[in-house]
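Start from chain A and add chain B according to the hints.
For the record, the sequence lines run as chains A and B.
Here our numbering is used: the first residue of the first sequence is 49, the next is one more, and so on.
Here our numbering is used: the first residue of the second sequence is 151, the next is one more, and so on.
Incorrect hints may appear among the rest.
Unchecked claim - Here are the simulated EDC-like pairs of lysine to aspartate or glutamate, each with C-alpha atoms no more than 16 Å apart in a straight line:
hint, chain 1, residue 1, chain 2, residue 2
1, A, K371, B, E405
2, A, K372, B, E405
3, A, K195, B, E384
4, B, K300, B, E339
5, B, K166, B, E384
6, A, K374, A, E276
7, A, K161, A, E131
8, B, K220, B, D241
9, B, K335, A, D293
10, B, K415, A, D377
11, A, K161, B, E369
12, B, K352, B, D234
13, A, K374, B, E412
14, A, K272, A, E361
15, B, K350, B, D234
16, B, K220, B, E357
17, A, K308, A, D293
18, A, K308, B, E317
19, B, K300, A, E241
20, B, K404, A, E361
21, A, K65, B, E317
22, A, K197, B, E369
23, A, K308, B, D278
24, B, K404, A, E369
Since the hints were made in silico from the structure, they are not lab data.
Predicted, not measured: the structure shown is a model, and the values here were computed from it.
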Amino acid sequence: MNPILVFCEQRDGRLKKAGLEALGEACRLAASATRDVVAVVIGAQVASLAGEVGRSGASRVLVAEDPRLAQYSSELFTSVLAEAATLLDPVAILMGATAMGKDLAPKLAARLKTSLAQDCVALAMEADGTVVATRPVYGGKLRAVVKAKRPRLQVLTLRPNAFARQEAAGATARVETLAVPPDNGRPRATVREVQPSAGGKVELTEAAIIVSGGRGLKGPENFKLIEELAAALGAAVGASRAAVDAGWKPHSYQVGLTGKTVSPQLYIACGISGAIQHQAGMSSARTIVAINANPNAPIFKLATYGLVGDLFEIVPLLTQEVKKLKGGDQA
Amino acid sequence: MRIVVCIKQVPATESKLTLLADSSDIDRSGLSFIVNPYDDFAVEEALRIKERLGTGEVTVVSLRHHAMQKPEEALRTCLAMGADRAVLLSDAAFEGGDSLSASVVLAEALRRLSFDLILCGKQAVDDDGGAVAIQVAELLGIPHVAVINKLELNVPARTAMAHRPVEGGVEVVETPLPALLTCQKGLNEPRYPSLPGIMKAKQKPLEVWNRETLGVAAETIGAAGAAVATIRLEPPPVRPAGQIIDGDAGTAVKELVRRLREEAKVI
Numbered sequence: 049m050n051p052i053l054v055f056c057e058q059r060d061g062r063l064k065k066a067g068l069e070a071l072g073e074a075c076r077l078a079a080s081a082t083r084d085v086v087a088v089v090i091g092a093q094v095a096s097l098a099g100e101v102g103r104s105g106a107s108r109v110l111v112a113e114d115p116r117l118a119q120y121s122s123e124l125f126t127s128v129l130a131e132a133a134t135l136l137d138p139v140a141i142l143m144g145a146t147a148m149g150k151d152l153a154p155k156l157a158a159r160l161k162t163s164l165a166q167d168c169v170a171l172a173m174e175a176d177g178t179v180v181a182t183r184p185v186y187g188g189k190l191r192a193v194v195k196a197k198r199p200r201l202q203v204l205t206l207r208p209n210a211f212a213r214q215e216a217a218g219a220t221a222r223v224e225t226l227a228v229p230p231d232n233g234r235p236r237a238t239v240r241e242v243q244p245s246a247g248g249k250v251e252l253t254e255a256a257i258i259v260s261g262g263r264g265l266k267g268p269e270n271f272k273l274i275e276e277l278a279a280a281l282g283a284a285v286g287a288s289r290a291a292v293d294a295g296w297k298p299h300s301y302q303v304g305l306t307g308k309t310v311s312p313q314l315y316i317a318c319g320i321s322g323a324i325q326h327q328a329g330m331s332s333a334r335t336i337v338a339i340n341a342n343p344n345a346p347i348f349k350l351a352t353y354g355l356v357g358d359l360f361e362i363v364p365l366l367t368q369e370v371k372k373l374k375g376g377d378q379a
Numbered sequence: 151m152r153i154v155v156c157i158k159q160v161p162a163t164e165s166k167l168t169l170l171a172d173s174s175d176i177d178r179s180g181l182s183f184i185v186n187p188y189d190d191f192a193v194e195e196a197l198r199i200k201e202r203l204g205t206g207e208v209t210v211v212s213l214r215h216h217a218m219q220k221p222e223e224a225l226r227t228c229l230a231m232g233a234d235r236a237v238l239l240s241d242a243a244f245e246g247g248d249s250l251s252a253s254v255v256l257a258e259a260l261r262r263l264s265f266d267l268i269l270c271g272k273q274a275v276d277d278d279g280g281a282v283a284i285q286v287a288e289l290l291g292i293p294h295v296a297v298i299n300k301l302e303l304n305v306p307a308r309t310a311m312a313h314r315p316v317e318g319g320v321e322v323v324e325t326p327l328p329a330l331l332t333c334q335k336g337l338n339e340p341r342y343p344s345l346p347g348i349m350k351a352k353q354k355p356l357e358v359w360n361r362e363t364l365g366v367a368a369e370t371i372g373a374a375g376a377a378v379a380t381i382r383l384e385p386p387p388v389r390p391a392g393q394i395i396d397g398d399a400g401t402a403v404k405e406l407v408r409r410l411r412e413e414a415k416v417i
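Bound-form chain B, shown alone:
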């Protein structure tokens, strides 16, 4: 079974973020970066499938979407976890895109890697769009099931059964392979790279593909191919300062209820 996992390198989630002077982007200098946490579930699932079947290959792919990004570090982490091969998509023409123009590049790379299954995280914790993986599947003409927290593969039948949480319940979805699945927390517990794994990773192949390798048209990718542009980033609206309601429990509770009804008007 050939599994490809698409990963993204993102700022570490506890990072304090500051904006550039022109508010066009965050200030990336001084930030530390990690593999997108949801992608960890995808890499882990790929490795478990390979281990269970006793055969197969796991390839990790990542797109450099900003000049200051170093996705090769994220790829090496995945190789250290146990992936067999890594591909970095790197070209100035790939940078600054939206979800669609990024998907064009990823889809073309995937066409050049044969696959039975593509696994991704459900969303990247920087953009929080949850769109790229679904759009890659659409461009490839394969089915997808997104936000899965349980997966059963039927390899001889070439199908997969996945659980995806929805409002009020869980959809149990069956899909033929090849398919693209996006992974939610609860699917598995990702392993940490071991020291031997980190050493072995240095010998595993990490190829770099650019626009020429993929043969994609410049106007469909990166900033040029984006259908939507970010005008600016801004901090969330400041909440007005709150109040501690004093007094013993009985008094405070009565006062709270009064304010919720008369001031906040929420009950």
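In isolation and in its complexed conformation, chain A is listed as follows:
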């Protein structure tokens, strides 16, 4: 049976959660057909990551190491994965729908002249290996169920936080070297530097918990309340378009149709009315909490739990309560 190939992205020597989630889903799909799951790791010095990849479900880990691969290059990474695809003839190639994945997958699919499904939130595999994928469209207002015409080399990117990692504690994978293809002479874009963002430590698109602030905060200095609650929860901080347009936070914090799409376990919206464009960015969160003074705010129709009241009173109390809970956990 043809294997499933999974690209496990790493940045700065750390494996991306989204890639390991894709690996977990590949294992789930492969289980019913006893297919192999083969992972690929690419970078300058990444052999040490193979162990964690193996413990996350891969039976084989192909490591492509080369100084030229220290930074992301769509051309070089596509060549490496195309090489792996030629060697393994996988039924499908999965990766996380991260900034890198969403950039790499289309180029790879065009190189291989094959199907592509971006930002999938659910997958199923038919007996012949055809993947049936569900993916949000129209800003999440609808979902498309799509299927490749041929069960071969199907390229899919998986939305972060939509799938589960697997943990196979004792498992050891076979680790092999994947030869890096020689320079094909094509002109290419090169990453000259990566500037770290001034923002919070937890990346929005990868966060399990997000606390977001909106117009109801009344001013940029009040984001302190959001940040304190986020710190207590180990959460990322987000902002509505109103807060970003007002200059209270940079665009990298924006959750919504023209900002980021997030899929956390818990989304706490403070002083956010919940316009349809904001909902487009967070409506797939598993649990939503809304805190707003206006009982008619649209966000309450979406929220799992709603608190109608003054966020300047509620949010600090919530931070206090969370700290007590966490303190109790550690006792």
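Chain B only, in chain A's frame:
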């Protein structure tokens, strides 16, 4: 500098969408359509580059991917913004494709238009795939940088430096030209078409190219050339109705935390 901008006409973002009876597509009758918002940043950037250099030509191209679409309206809007020339790719054989078969058509059209730079929006807000532009670059054998929010051109050196946001930071990417770049919000503030611009647009050339003009093989384009097909569209899963937690702030907060831990199990 010859700049080509690929644009897509999409349903207006606040549209209420209903499905056809067979769920194969949305019901397009009665919808209003706009230039894909991310493509506005691409058109605007092209115009600013031309204005800064004091020379050059901006061509906008659009593919009709559905019989009920009218991309010529979107193209006229771009001509009204200041683009010099428009090309509409229209043929029944182009319709119903996936990102790859659409890219085949666009790439062939671009080969017939000489270019130093291709600009596109980062994704179309109907399909949200963000794939076509990247696949066009691959088919043309040129480099791409996607999702850029800052661009500096070095015309004598024929290179560009672009910023693209990634998790935890910004990649600063240099590319030789010709290249394809996709535009993210924050790159610029797109202009509105002026009344004189709208009048002038009526005189600017809008050519229509079909399969014969491009000479593309029927089995590589449109529905015939698609590698993936949409089986159906469906509404997102319905969220179970939520609850307002009553009481004064102190009581409500304690109850919320209890439910988040015991019911939702998220903290």
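Now for the hints, and whether the structure bears them out:
1. Between the alpha carbons of K371 (chain A) and E405 (chain B) the distance comes to roughly 15 Å, so the proposed pair stays at or under 16 Å and holds.
2. A distance of roughly 14 Å separates the Cα atoms of K372 (chain A) and E405 (chain B); the hinted pair therefore holds under the 16 Å criterion.
3. Only pairs whose Cα atoms come within 16 Å are accepted, and K195 (chain A) paired with E384 (chain B) is accepted, the gap being roughly 15 Å.
4. Proposed proximity of K300 (chain B) and E339 (chain B) is supported: the alpha carbons are some 12 Å apart, at most 16 Å.
5. Our distance criterion of 16 Å between C-alpha atoms is met by K166 (chain B) and E384 (chain B), whose separation comes to about 14 Å.
6. A C-alpha spacing of about 14 Å is found between K374 (chain A) and E276 (chain A), which places the hinted pair at or below 16 Å, so the restraint holds.
7. At most 16 Å may separate the alpha-carbon atoms for a hinted pair to count; K161 (chain A) and E131 (chain A) meet this at roughly 14 Å.
8. The suggested pairing of K220 (chain B) with D241 (chain B) holds, with an alpha-carbon distance near 13 Å, which does not exceed 16 Å.
9. Of the supplied pair hints, the one linking K335 (chain B) and D293 (chain A) holds, its CA atoms being roughly 12 Å apart against a limit of 16 Å.
10. In summary, the hint linking K415 (chain B) to D377 (chain A) is supported, as the alpha carbons are separated by about 14 Å, within the 16 Å threshold.
11. Only pairs whose Cα atoms come within 16 Å are accepted, and K161 (chain A) paired with E369 (chain B) is accepted, the gap being roughly 13 Å.
12. At most 16 Å may separate the alpha-carbon atoms for a hinted pair to count; K352 (chain B) and D234 (chain B) meet this at roughly 11 Å.
13. For the proposed pair K374 (chain A) and E412 (chain B), the alpha carbon gap of about 14 Å is at most 16 Å, so the pair holds.
14. Simply put, K272 (chain A) and E361 (chain A) have alpha-carbon atoms about 13 Å apart, close enough for the 16 Å limit, and the pair holds.
15. Restraint check for K350 (chain B) and D234 (chain B): satisfied, since their Cα atoms lie roughly 10 Å apart, inside the 16 Å limit.
16. Between K220 (chain B) and E357 (chain B) the CA atoms are separated by roughly 14 Å; this keeps the pair inside 16 Å, and the hint holds.
17. Annotation: proposed proximity of K308 (chain A) to D293 (chain A) holds, straight-line Cα distance about 15 Å (limit 16 Å).
18. This hinted pair checks out: K308 (chain A) and E317 (chain B) have alpha carbons roughly 11 Å apart, not beyond 16 Å.
19. With a CA separation close to 14 Å, the supplied pair K300 (chain B) and E241 (chain A) stays within the 16 Å bound.
20. Restraint check for K404 (chain B) and E361 (chain A): satisfied, since their Cα atoms lie roughly 13 Å apart, inside the 16 Å limit.
21. Proposed proximity of K65 (chain A) and E317 (chain B) is supported: the alpha carbons are some 12 Å apart, at most 16 Å.
22. With a C-alpha separation of about 14 Å, the suggested pair K197 (chain A) and E369 (chain B) falls inside the 16 Å cut-off, and the hint holds.
23. Note on K308 (chain A) and D278 (chain B): the hinted pairing holds, with a Cα-Cα distance of about 12 Å set against a maximum of 16 Å.
24. The straight-line distance between the Cα atoms of K404 (chain B) and E369 (chain A) is roughly 7 Å, inside the 16 Å bound, and the hint therefore holds.
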